[in-house]
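Please build the complete structure, drawing on both the sequences and the hints.
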Amino acid sequence: MILASGSPRRSEILKREGISFRIIKPQIDEKLNSNLSVEEQVMDLAKQKALKIYERNKDETILAADTVVYYDDIVLGKPVDKEDAFRMLKVLRNRKHFVLTGVCIIKNNTTKTLYERTEIIFNNYSDQDIWEYIDTLEPMDKAGAYAIQGIGAMLVKSYKGDFDNVVGLPINKIKDHL
33 MILASGSPRR SEILKREGIS FRIIKPQIDE KLNSNLSVEE QVMDLAKQKA
83 LKIYERNKDE TILAADTVVY YDDIVLGKPV DKEDAFRMLK VLRNRKHFVL
133 TGVCIIKNNT TKTLYERTEI IFNNYSDQDI WEYIDTLEPM DKAGAYAIQG
183 IGAMLVKSYK GDFDNVVGLP INKIKDHL
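Per the working numbering, the sequence shown starts with residue 33, numbered consecutively.
If you are wondering where the hints come from, they were derived from the structure by calculation, not from laboratory data. The model shown is predicted, which means the values in this text are computed figures rather than measured ones. For glycine and all other residues, C-beta sits at the position ideal for the given N, C-alpha and C. Each hint should be verified, as a subset may be incorrect.
Stated by the list, open to error - Simulated restraints on C-beta separations:
no.: 1; residue 1: GLN181; residue 2: LYS90; range: 30 to 38 angstroms
no.: 2; residue 1: SER52; residue 2: ARG125; range: 34 to 42 angstroms
no.: 3; residue 1: LYS90; residue 2: GLU164; range: 31 to 39 angstroms
no.: 4; residue 1: ASP161; residue 2: LYS47; range: 18 to 26 angstroms
no.: 5; residue 1: ASP159; residue 2: GLU72; range: 31 to 39 angstroms
no.: 6; residue 1: LYS114; residue 2: THR143; range: 32 to 40 angstroms
Structure, rendered in structure tokens:
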């Protein structure tokens, strides 16, 4: 199987599950199509990633995913800099939001796309807490500027749904398709 992602977190989840794979990171424009629903956006981007790798690897199973954080139909991707991370974490403070991961699996010339949504509620933390977290650099390559499995867990008041989905890959939903 090929994991069409450079995400170390997705790799960790697959390794933990004992799934053998190799990594090929797709070179695509990761711009979301705002004309689609949030669910369709993440599934579309995951499909673009999978198809890009499938072009040269037609005999292998391809797994691709895309994760975003959203609230009130506003989508948060990865922060572009520390100020962007601060803005994201400030707006998510004391608020319910969702983590959505779109997945595309190409296997035996069949393409399957799906998504998983997890609800997160953040604590009411201070601006200083945000800057201290940003100074760890952990938020800089994460959708929504936090890692629930890392130091960012301190931001989380509660969650409902699949924890691994928040990390980047809803393994329980997809492992039967691999």
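Okay, the hints, checked on the actual structure:
no.	hint	result
1	GLN181 <-> LYS90: 30 to 38 angstroms	34 angstroms, holds
2	SER52 <-> ARG125: 34 to 42 angstroms	41 angstroms, holds
3	LYS90 <-> GLU164: 31 to 39 angstroms	48 angstroms, violated
4	ASP161 <-> LYS47: 18 to 26 angstroms	32 angstroms, violated
5	ASP159 <-> GLU72: 31 to 39 angstroms	35 angstroms, holds
6	LYS114 <-> THR143: 32 to 40 angstroms	38 angstroms, holds
When the structure is compared with the earlier hints, violations turn up for hints 3 and 4 and for no others.
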